[in-house]
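J.: Chains as they are written, first to last, in this note's numbering: chain A, 1 to 712; chain B, 1001 to 1185.
Do not take every clue at face value.
[Unchecked claim] Per label pair, the in silico range of CB-to-CB distance:
no., chain 1, residue 1, chain 2, residue 2, range
1, A, ALA391, B, ARG1125, 33 to 39 angstroms
2, B, GLU1160, A, GLU617, 27 to 33 angstroms
3, B, GLN1060, A, THR482, 34 to 40 angstroms
4, B, HIS1117, A, ASP16, 27 to 33 angstroms
5, A, GLY648, B, SER1132, 21 to 27 angstroms
6, A, ALA646, B, GLU1160, 36 to 42 angstroms
7, A, LYS28, B, PRO1119, 41 to 47 angstroms
8, B, ARG1125, A, PRO191, 30 to 36 angstroms
[What the hints assert, rightly or not] Facing chain B, from chain A, some residues (calculated, C-beta under 8 angstroms):
no., residue
9, GLN99
10, GLN332
11, VAL334
12, GLU335
13, THR337
14, THR339
15, LEU340
16, LEU343
17, ILE344
18, HIS348
19, LYS448
20, ILE455
21, ARG571
22, ALA676
The hints are simulated quantities; they were obtained by calculation from the structure and are not laboratory data. Virtual Cβ for every residue (Gly too), placed ideally from N, Cα, C.
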Amino acid sequence: MAKAIGWLLDVYAEDDGINLWLLTDDDKRLHLHMEFDITFYAAGDFNLLRQVWKYLKEKDVKLERTVRRDLFLGERDVMAVTTSNPAGLQKMFGELQRQFPSLDYYDADIPITLRFIARTNTYLLGRCHVRFDDEWIQSIEPLSSPWEIDPTPIPLRILTLAPDCNPAIRKPKQLHVKYGQREYSLSLDSPRPFLIGLKADLQRLDPDLILTDYGDTWLFPQLGAWSEETGIELNPNRDENRQIMTRKADSYFAYGQVTYRGAQSHLFGRWHIDRKNAMSFGEYGLEGAMEQARVTGIGVQEMARKSPGAGITAMQMLTALCNAVMVPVQKQQVEGTKTLSELIRTDHGGLIYQPLIGLHGNVAQIDFSSMYPAIMVKHNISPETVGLENAPEGLIPKTLRPLLEKRLMLKNILSDLDPRDCRVEILKARAAALKWLLVVCFGYLGYKNARFGKIESHEAVTATSRELMLQAKEVAEDMGFTVIHMYVDCLFVQQEGFHKPSEFTPLMNAIEEKTGIPIALEGVFKWVAFLASKRDARVPVPNQYFGAFQDGTLKYRGIELRRRDTTLWVRKIQLKALEILARANTPREFANRVPDVMNLMEDAKRELRIGRVPLDELVIRQRLSQTIEAYKTPSPAAHAALQLQAHGRQFAPGQSLEFLFARNGTGVHAWELEEALDSGKLDTKRYYKLLDRAIQTVIDPCKPLLMPERLL
Amino acid sequence: MKGRLYSVGMDILPVLKTGKLIVIYTSDAARTESMVLIAELGLRGAVTIMDGGNRYRPYQVAKLLRTKTVDISTAANRLFSRRAFTCYEMNTLLSSTPSLNQPYLILDLLNTFYDDHVPTYEAYRLLKSCLSQIQRLVLSGPVVVTLAPPLAEERDFLLEQVCRQADEVMIQEAPACQPTQPSLF
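Produce the entire structure from the sequences given, and follow the hints as far as they go.
T.: Structure (C-alpha cells):
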C-alpha cells in the first residue's frame, strides 16, 4: 500500500465516488479516488413516503427508515436514501422532488467537499496523510486543522494570464503570461500558434492555479471557440477526463443592490480564478480566498467567486453535519406572532446616536471587536435557542466560536508586528477574509434563504447590542467622558485633558468588564468632524465623518471619497484637501488651513479647464439597477448603456457602466465607445459642481469657527 | 373570477363579511389603503396580519390609530402580525394560522412567489396549497388579500389563480391618459 503526505487541493464528485488531488511534500500532484456513499433524507406524510419507497426501489439506492434530528422539530422519522454515485445525486434528487414536492427534504444539496470534511475531518488546503492502493484511498488522516493560526504555506504553482486590454472594449492583441519570475506575451493574431504555445506552457508548467483577468467571461470561452475552429484540442483541466465546467452569467439582488456576476469557468484538478469576476478578490486576494476556503470547506475557485454569505452557510451546514443535525433544503420556520406594540419594540437595528455636529478635538474612537458575532457566541443566540433559558450551545454560536477566536488571534498578532514585516500583508488579508464571514453571519440569521435563520434571533442580537451600547455609554459618562457619537458598535468619547491612548485604557477595561465583549481603541483623533445634513444644517448625519489621528492618519466614512460613483479626480482632490487639513493639530488650526484648501480647489478647476486632467480620471462608474428597457427616465448609466447597445453590446442589471459627463444630447459619453470624447465637449461645469460639493463637505465643519472672525 | 370588480377607492369595511375573500390589486399592493384598513379594523377588534412582501408599516398604523383614539395600546395589542420571507414560509405561515372569528389581512401575498429562483411549477403548487388554507380561513372570518403585479409576465398566472377564487376584486384604475388640446395662448 502506498502512502503520501501533502495538502488537499481539490475534491469533486464522480460516478463511482469522489476524486481528490493531493499536492505532496515531494512536489507531486496525485490524482486519487475514494468510495463515497451519500445519504439524504425525506420526511412527511407516511403515505407519500411509501410511494417514494416504491418509486426509488427500482433505482440503484439503499433505502432505510431511521430517526434523525431536525434543528427545530427535534427527532423525526425519515426515509434515508443512500447512493454510491455522488455525481448523480443532483439529478436523482431533482426528479424525486418534482415527483413528491410536498415532502420535506434534508441533506440533499450539501456540497461534496462539506460531506467529505464531515466524514474525514480533513479540510481543503489542509495537510493529510493518505494510504492508497492503485489510486484508491484506503485511509485518510488529517494532519492539520483549519483553525491553525500559522498553517504551512502551500507551494502552489501559479500561472497568470491576462489580455492586454479589456476584451469587452476592444479585441486583445496579446496575452501576458507570468509564471514565477518569468513574464512574456503570446500573440493573439492567429489562434493556431497561440493555442499551440499555451498548450505547451500548460503541459510544461503544470500550474495548480491559473489566475486570469477576464478568464471567465472571455479567455476560456474563447479558447473553446478557437479550439473548435482550429481542431487543436486544448483542455486546461488537470483531470483530462473532465471538460471545463461553465456557469451562466446572472444578476441577483444582495446587500441592497443588484449585482451582476459574469459567466464562470471552473477547472478540475487545478483552480481557475478570474480576478475580474471574483467577488472580493480585490480586497483580500488569493491569501484571503484560500483562508475562506480553509475555514468554510468550499473549494477555492468557488469561494473566490461567491459571497461571504455562501461561506457562512457552508460553515453552518458543516456544523450541522458534524452534530448529526439534518440540513433542510428549504427553511420552513416562520416568525412568531407579534402584536403591533411588540413589533415596534423589537424590530430595530443597531443603536445609532445623533452625533454632535462640528469639529471636536482629542476624541477617542473605541470599537467593540466583532460585536455581533461576539454577542451571538457569548449570549448563545441561535435560531433554535432564542427565547430559551440555559439552552445548550446553539448551532450558530458553535459555528462562530472558532472563527471569532481565530480572527481575534490574527488581529492580536498583527498589532504586535512591525508594519514593515513581510507577514503583515498576508495576515491582514486573512483577517479581512475572516472578518467578512463574521460580518455576514449576523445578516444570515434573518436572511430569507438562510438554512438556519429565524427573524427573532436576528432581533435578539440587535436588542442585545443596543443594551450593551447603552451600558458602555453609562460607564463612559460615569467616568467623566462626553459621548460625542455612538454608531452600532463604536463610541466616540472625549474628556478635557485626555489625549494619550493610555488615558483611555481604564475606560475600555471598565466597559469590557461591564459588557463582557472585548473592546479596542481604534485611535485618538487630533480632530474629528461630524457632518450636518446638506438639506438641514441642524440635523446630523450619523454615518458621515472624517478625522485625523495623532500620527496624521486619516479616517473618513460616508463622504465622497468613499463613494464608488465619485470620479478619481474628485477623490484625489478631496483626499489632498484632507491631507492639508490633517496637518492641523486642533480644530482652530483646522480653520486656518481652509484657505489652502480653497486654493487647491481653484488650481484643480484651472487644470480641468485647460484640459490637463486625464479623461480617465473623470470617468464616472454607475451600476444599472434594472434592464435598460425598464427605465422610464434613463439614468446616466442607462444612457451610456444605450450608446453602447447601438454598437452591439448587451447589458444585464447589476453591470457597471463607465461614462464621462459631456455637453451633448444625453449629457453622457460612454467611456467604452470607440470614438474618444473631444475634450472640448467635456461638461466641465458639471465636474466643477461635483468638486465644489466634495470640498464643501470637508470645510463645512469649521464654519462656526470662521463665523465670529468674519462678524468681527 | 367569481366575484365583482370594484375600483380601490371604495370603502372596504361594509363588504367585509365572514365567508368572503376580497382581493385588492394595485401596483404597490395597496400600501396605503391596507394600512388604513388595518387601523380601522384594529379599532373594532382583533386582526391577523400576514405579510408576504414586507409591506406592513407598524409606525404608520400607530399614527393612524393615534388620529382615531387616545387608547392606542388597546388597539395595538389586538393587531397580530407575522411575516413570511419565502413562498415556503408563506405556506407554512398560512397553514399554521388558526381559524378564528376575526378578519385576516394577507399583504402582498404573491411577492415571494414572484422570486425567479423558485421554479414556476413549485410556485404554482405552493400557491394552490396557500389558497386552500385561505379558503379554510374564509370560513371563520373575512379575508383581504393585497396583490401587486409580477416583475415578469410569466408569473401572471399566479394573479389569475388568486383572483379566480376571490369573491370581490378591487383594482386600482390607472390614471386615464386623456388627449388634451394645447392652449393657443
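J.: If a hint holds in the structure, say so; if it does not, say that too.
T.: Hints versus structure:
1. ALA391 (chain A) and ARG1125 (chain B) have their C-beta atoms about 35 angstroms apart, which keeps the hinted 33 to 39 angstroms range intact.
2. A beta carbon spacing of about 54 angstroms between GLU1160 (chain B) and GLU617 (chain A) contradicts the range 27 to 33 angstroms that was offered as a hint.
3. Between GLN1060 (chain B) and THR482 (chain A) the beta carbon distance is about 36 angstroms. The supplied range of 34 to 40 angstroms therefore holds.
4. A C-beta distance of roughly 32 angstroms is found between HIS1117 (chain B) and ASP16 (chain A), which places it inside the suggested range of 27 to 33 angstroms.
5. With their beta carbons about 50 angstroms apart, GLY648 (chain A) and SER1132 (chain B) fall outside the hinted range of 21 to 27 angstroms.
6. Taking the beta carbon of each, ALA646 (chain A) and GLU1160 (chain B) are about 38 angstroms apart, inside 36 to 42 angstroms as hinted.
7. A C-beta distance of roughly 45 angstroms is found between LYS28 (chain A) and PRO1119 (chain B), which places it inside the suggested range of 41 to 47 angstroms.
8. The given range of 30 to 36 angstroms is broken by ARG1125 (chain B) and PRO191 (chain A), whose C-beta atoms sit roughly 49 angstroms from each other.
9. Residue-level restraint check for GLN99 (chain A) is violated (minimum Cβ-Cβ distance to chain B is 11 angstroms; threshold 8 angstroms).
10. Hint status for GLN332 (chain A): holds, given a least beta-carbon distance of 5 angstroms to chain B, under 8 angstroms.
11. Interface hint at VAL334 (chain A): satisfied, since its Cβ lies 5 angstroms from the closest Cβ of chain B, which is below the 8 angstroms cut-off.
12. A cut of 8 angstroms between beta carbons decides the hint on GLU335 (chain A): the least distance to chain B is about 5 angstroms, and the hint holds.
13. With its C-beta approaching chain B no nearer than about 5 angstroms, THR337 (chain A) sits inside the 8 angstroms limit, and its interface hint holds.
14. Against a cut-off of 8 angstroms between C-beta atoms, the interface hint on THR339 (chain A) holds, since the closest Cβ of chain B lies about 5 angstroms away.
15. Using the Cβ-Cβ criterion of 8 angstroms, the hint placing LEU340 (chain A) at the interface with chain B is satisfied: the shortest such distance is roughly 4 angstroms.
16. Interface restraint check for LEU343 (chain A): the shortest CB-CB distance to chain B comes to about 5 angstroms, inside 8 angstroms, so the restraint holds.
17. Interface restraint check: ILE344 (chain A) against chain B, minimum CB-CB distance 5 angstroms, threshold 8 angstroms, status holds.
18. Because the beta carbon of HIS348 (chain A) sits about 11 angstroms from the nearest beta carbon in chain B, more than 8 angstroms, this interface hint is broken.
19. A distance limit of 8 angstroms between C-beta atoms decides the matter here; for LYS448 (chain A) the minimum to chain B is near 4 angstroms, and the interface restraint holds.
20. Of the supplied interface hints, the one on ILE455 (chain A) holds, with its beta-carbon coming within about 7 angstroms of a beta-carbon of chain B, less than 8 angstroms.
21. About 35 angstroms separates the beta-carbon of ARG571 (chain A) from the nearest beta-carbon of chain B, more than 8 angstroms, and the hint is not met.
22. Interface restraint check for ALA676 (chain A): the shortest CB-CB distance to chain B comes to about 38 angstroms, outside 8 angstroms, so the restraint is violated.
The structure shown violates the earlier hints numbered 2, 5, 8, 9, 18, 21 and 22.
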